[in-house]
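So the protein sequences, as listed, match chains F and H. Residues 11 to 298 in the working numbering are what the first sequence lists, from first letter to last. Residues 354 to 694 in the working numbering are what the second sequence lists, from first letter to last.
To be clear, the hints were calculated from the coordinates, so they are not data collected in a lab. Please read these numbers as outputs of a predicted model, since none were measured by experiment. Glycine residues also receive a C-beta, built at the ideal position from the N, C-alpha and C atoms. Take these hints with a grain of salt, some might be off.
[Unchecked claim] One side of the interface only, derived from the structure: several residues of chain F facing chain H at Cβ under 10 Å:
#1 Met11
#2 Leu13
#3 His96
#4 Asp103
#5 Leu173
#6 Ala230
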Amino acid sequence: MDLSFVIAVEVLYAVASLVLISAGLAVVFGMMKVINLAHGEFMMLGGYTTITAVGLGVNVFVAMLVIAPLVVGLVGLIVERLVIRHLYGRLVDTMLATWGLSLVFIGLATMIFGNTTTGISTPIPGFAVGDYQISGYNFFIIVVAAVLVIAMLAVLRGTRAGLIARGTMQRADIAAALGYSPDRIYMATFFCGSALSGLAGAVLAPLVGLVPTSGGAYIAKAFITVIAGGPSLIAGLLSSATSFGVVNQVFTFAISPVIGEVALLVAAVVLLRLMPQGITGRFFKGKL
Amino acid sequence: MERSLGKEIIATLIVSALLIWLLPMVIATYTLTVLVIYGMLGLSLGLIWGFGGILCFGQAAFFGLGAYTYAIAAINLGESTVPMLLAVLVPLIFAAVLGALMFYGRLTDVYLGVITLVVTLILFKFVNSTAGPQYVIGNARLGGYNGIPGFQTLNVPGNPDAYIWGDPYFYFCAVALVIVFLLVTWLLRSSFGRVAIGIRENETRMALMGYDVAARKTVLFATGAAIAGLAGALFANWGEIVTPGLFSLGQSAEIIIWCIVGGLGTRLGPVLGAAGLAYLKFVLGQQSLIDNTLITGLILVLFVLFLPKGLVPAVSALWKASFGRARRRPLARQRRKARHG
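Start from the sequences, fold in the hints, and give me the full structure.
Shown next as structure tokens:
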């Protein structure tokens, strides 16, 4: 009984962290069709921002939930103005340019923070369930991911800004004819996407030690979650994060963490081979 | 056509012979060897990306596979001829299977990139976690993140004690690169190469003309992988150790940057891009003021933004614009004459 509870929490946690890791990329790729290979580095920046802010005496939760998204969002804004906006519609070129950006960020972080691992301790204590110890921070991540998904859904479906954004992504010329500036809307969307990446990086930072290259650990997972999710933003994100999270945890429990990771990647390859349009390209069509 | 191919082969041979003779006077052969090997690796991606339109994010997978195959086989066999062949064959077969899986599934651009990237990651994660004593192939321990050191390096075929190393090894690698380069030239001049370029330009059109697009892409992909595998084996011999770093994303990224900087759709571009950037990295590695990765990244961003065609096409366009005029004018005059009688 206790064990099944622990496993359920671990699976939920795996799904939640995949949702967190991929949310920013899903906004940028799913809506704008821009592949941001610097996504992992945005997360890394979020982590470093949190650690720096905490070092300066800011409350951990303020640093994670407010400062990191804002700072990384601003960095994203600068990146969009300088690089990405010249490359809209050129998928491969964007991919390469953002890859270059990710290297630039790694280089900058190495020069500023050095090549050593830094970290902060998890702000929430763990507790015992029967014979097992559960990290309380896992619950925090599950809650943050749930709130994030609900908020995204609410903004995109319920608000005027969400409607305009979705409309612009579908037909930029019509939106322009109706008097909205696609240029500005793209800019705002990229800001939101980067802010989400920053948030994810900040929230996950206490769990892993940060090094300048730690973005690389996230990018592949985020990438395959979003791509396997397919065209629908939130339905795709949830369905692929759930499938991969479950596969990952089942194999982790059955064999070992490394095999869990490998199983996740193999599942991604198989899934993409069977459904090249992603899960929502076949099921849940037309959902948001 | 035949005559120009002959001319090109002779020109390539003369230029490369000159380079092989002159370069060791400027740069140490130990460094040159690795530049040559990277050139071959760049050529392997330049072939499938520049001429087949297949953007492979995981060329490092084949490079690493070649290196590991060589190391494992060399430990088991204690002689280098068969391991060299295996190092070409294993990536070739692996890529053929992977390519068939992808191309018959009609996966294109982004999805192709993701799958190749993920496969590289799988290999990296797997090899990185094989530190335990239970991971053994024959006599060779896989060694996890420590890699495999101490295998038999290149020797004269049939004589395991006659090692090829130092200056002779540089000449061996350089000649190998020239041979591979000529084979690629020949392949691209053949009807197979023309169809490949056709597929790059418009896949649907080539499919409607009756070509089996998936089969041809698979063959091209596997050819590129074989070249990368050979480069991997040569690299293993040069470094005398193979590590999981060969499979890393960083390695994959670098190969793509070489191709972009050198120029896609040319044979020479990726080779020069690889050797040039690797040398730049070597020079930059000797200072600690500015981080190496930062500069590589900046180069990539700037090239994508301002020179998306790469150096070699840009320089050749400049060359044609400044020196090609003399030849174009008489042609224009002729044309005018023809028109006005």
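Checklist line | Numbered hints the structure breaks, given as an ascending list | finding: Failing hints, ascending: 1, 2, 5.
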